[in-house]
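Enquirer: Residue-level listing of the chains:
Number of protein chains: 2
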Amino acid sequence: MHNQEQNQEQNQEIVLAKHPSGTVKADTFKFNTIDMPQCQDNEVLIKSLYISVDPGMRGFMDKGDDDAAGNKFKLNKPITSRTVAQVIDSKSQDFKQGDIVHGRFAWQKYQSVSTDHIAKVDPTLAPISTAVSMLGIPGLAAYFGMINIGQPKKGDTVVVSGAAGAVGSIAAQIARIKGCRVVGIAGTPQKIDYLEQDLGLDKGINYKQTDDMTAAIKAACPNGVDVFFDNVGGELFDAVFANINEHARIAICGQIADYNAKNPPQGPRPMHMLIKKSARMEGFVAYDFMEEFNDAKKQIGEWYNDGKITYKEHLIEGFEHIPAAFIGLFSGENIGKQMVKVADIEEF
Amino acid sequence: MHNQEQNQEQNQEIVLAKHPSGTVKADTFKFNTIDMPQCQDNEVLIKSLYISVDPGMRGFMDKGDDDAAGNKFKLNKPITSRTVAQVIDSKSQDFKQGDIVHGRFAWQKYQSVSTDHIAKVDPTLAPISTAVSMLGIPGLAAYFGMINIGQPKKGDTVVVSGAAGAVGSIAAQIARIKGCRVVGIAGTPQKIDYLEQDLGLDKGINYKQTDDMTAAIKAACPNGVDVFFDNVGGELFDAVFANINEHARIAICGQIADYNAKNPPQGPRPMHMLIKKSARMEGFVAYDFMEEFNDAKKQIGEWYNDGKITYKEHLIEGFEHIPAAFIGLFSGENIGKQMVKVADIEEF
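Chains A and U, in that order, are what the protein sequence lines are. Quick note: the first sequence, position 92, residue 92 per the numbering used here, numbers continuous. Quick note: the second sequence, position 19, residue 19 per the numbering used here, numbers continuous.
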């Protein structure tokens, strides 16, 4: 019965039509109608449910040599991103029809994937979509960036930029749990409400309504900034950086202000200040801490179930809206994790 | 007998005549003839022997709020720097006439200082002048920047800028001792010879005779750069930074290219690359590691006595040449530690 339904529905994919120059536009992507795949031994046929779009994917769209992890998207090949999916056919003993799984999958409605590349989602722990948000790479990036790099101590002042986003909102809450004064930066009144009311931060600053961000940070952080978790970069970075304390730790998680830049952005060199303050600036991705993933997920899950941490997802519905959801990340409208709901769970 | 001699010699000091704007010139300093001091209880009267001049002192000359450590020089007050001196009169049980001591003293030929601010030099360990070079703050900065921040592992590729200088020459040798491929950057043929012949580095690069430093670093570091110990900053930083490996450690020790800049220097923002490479950039001063000073001195002394590490001092003679020696630091002529010999040891 399911197979009939499946065959009636067309399979579709989204490929990289061209390397974007500067801002990503709709013509970066191309939709193809493709065959419904069959699964081979040790593969499962999966149906995409929630597809994640992340600012960091912007770098994978550029022309140039691939990185060590093989992240770069190739022309006329499907884009990939973290996805929650459901197994609808299985040629593996480890997965059965109906299982919810996650992994980095192609932007395809249906695909057959090796069981090496998928992991099960436990639907009893939290809503399944969190496997690509709070309990996925964004939550893990927040956790390791804040805990391992930021090393917040009770009483520290912590600033998080992009604080209403998928990563920033979790990072800021972890700092709050650790007993820090937490100041979040975001760009709409709704986001500031979210930071102060829902996330319980000490202060939200709307950078779009602030003329002198350096002064605003100074006012919000009378004891200076001990930890800076930066998702944004650019002049917002400079404003926070001007207020760092001795031995400050700066976790560079994202630079959304610069991802669409055609040329390497210029700015004040930070080195002199790093010496003056004996401060540390460290870039990272969640995968740097892969061996600690399970412990971190367990901790975040505990905080969530204890009501200490909350999350928000910004859902757009429909496979056809994936490019728009990605492009929308850079206009700063999403509160929480931006993702696309592609299909409902099926009952088997 | 000594007192007679002392009284015949005039005492002199050098004060900050004005805050320099941009490059330091002779008129930044003023010489005063002053009284010969008398020492009070728990003080010693000392005679300066070797006075250290260091690029990092440039920042202390600027107008503006003092830093936490109280380093800033004040108008019409004597400049201070690390100095090796001899006790010629003592009102302390802990020090006797003839003892060699070091500390951060005023640019005065004679001065009386509290015994709280001086430490004895052991003349049997190494030449006494090393108390402000290899076994002083420059050597300690090299040690902690390389060991604690750079964390070089056997087989790593390490690049040191300002490699023929007081700090860089020690840092580069420590990396060599740790089994790394070490590439040193300097700016004269004599310095390159020094790096390759005397310090035993794998490769010296004369940046003044190299058009494309990024390509030159790439050629000298076929496996990329794991540790970058930076004394220079500016475009030299950019050239090395373009070649860093995943998980690179960048110890920001000095930025001599920028110390005389009137405005905060601009350059390509490093954040994106830090994320891409999961790399770390950390500023520091030797005093961050004060609790480990004795262990580090012992280790450097052992390497020296085992012939594994060597040092060079660039001596200028005469108290009247201190300003010129300081100014000369920024023209890049000194090989090894720049200091001024002010007087000979006396026999008592």
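Note that these hints are calculated values from the structure, not bench results. Heads up, some of the hints might be wrong.
You can't tell identical chains apart in this list, so a pair holds if it fits in one copy or across any two.
Once the Cα atoms are required to be at most 27 Å apart in a straight line, the calculated DSS-like pairs of lysine-lysine come out as [as the list claims (entries may be wrong)]: (1) K203 with K312; (2) K218 with K63; (3) K18 with K153; (4) K63 with K276; (5) K96 with K298; (6) K208 with K218; (7) K72 with K341; (8) K72 with K178; (9) K74 with K203; (10) K218 with K72; (11) K77 with K276; (12) K91 with K341; (13) K25 with K63; (14) K276 with K18; (15) K276 with K74; (16) K218 with K298; (17) K154 with K30; (18) K25 with K276; (19) K153 with K72; (20) K276 with K72.
Enquirer: All the hints need checking, so say for each whether the structure fits it.
Expert: A quick look at each hint next to the structure:
1. K203 with K312: Within one copy, since 19 Å is at most 27 Å while 54 Å is not.
2. K218 with K63: So K218 and K63 pass the 27 Å test across copies only (21 Å; inside, 40 Å).
3. K18 with K153: neither (46 Å within a copy, 42 Å between copies)
4. K63 with K276: between (38 Å within a copy, 15 Å between copies)
5. K96 with K298: Close inside one copy (25 Å), not across copies (64 Å); limit 27 Å.
6. K208 with K218: within (17 Å within a copy, 42 Å between copies)
7. K72 with K341: within (24 Å within a copy, 59 Å between copies)
8. K72 with K178: For K72 and K178, the Cα distance exceeds 27 Å both inside one copy (36 Å) and across copies (36 Å).
9. K74 with K203: neither (42 Å within a copy, 38 Å between copies)
10. K218 with K72: between (40 Å within a copy, 23 Å between copies)
11. K77 with K276: Between copies only: 23 Å across chains, 48 Å inside a chain, cut-off 27 Å.
12. K91 with K341: So K91 and K341 pass the 27 Å test inside one copy only (26 Å; across, 82 Å).
13. K25 with K63: The answer is within: 16 Å in one copy meets 27 Å, while 49 Å across copies does not.
14. K276 with K18: Cα proximity of K276 and K18: across copies only (22 Å, versus 45 Å in one copy).
15. K276 with K74: This pair counts as between: shortest inter-copy Cα distance 18 Å, intra-copy 44 Å.
16. K218 with K298: neither (36 Å within a copy, 43 Å between copies)
17. K154 with K30: neither (49 Å within a copy, 48 Å between copies)
18. K25 with K276: between (42 Å within a copy, 23 Å between copies)
19. K153 with K72: This pair counts as neither: shortest intra-copy Cα distance 37 Å, inter-copy 30 Å.
20. K276 with K72: between (38 Å within a copy, 12 Å between copies)
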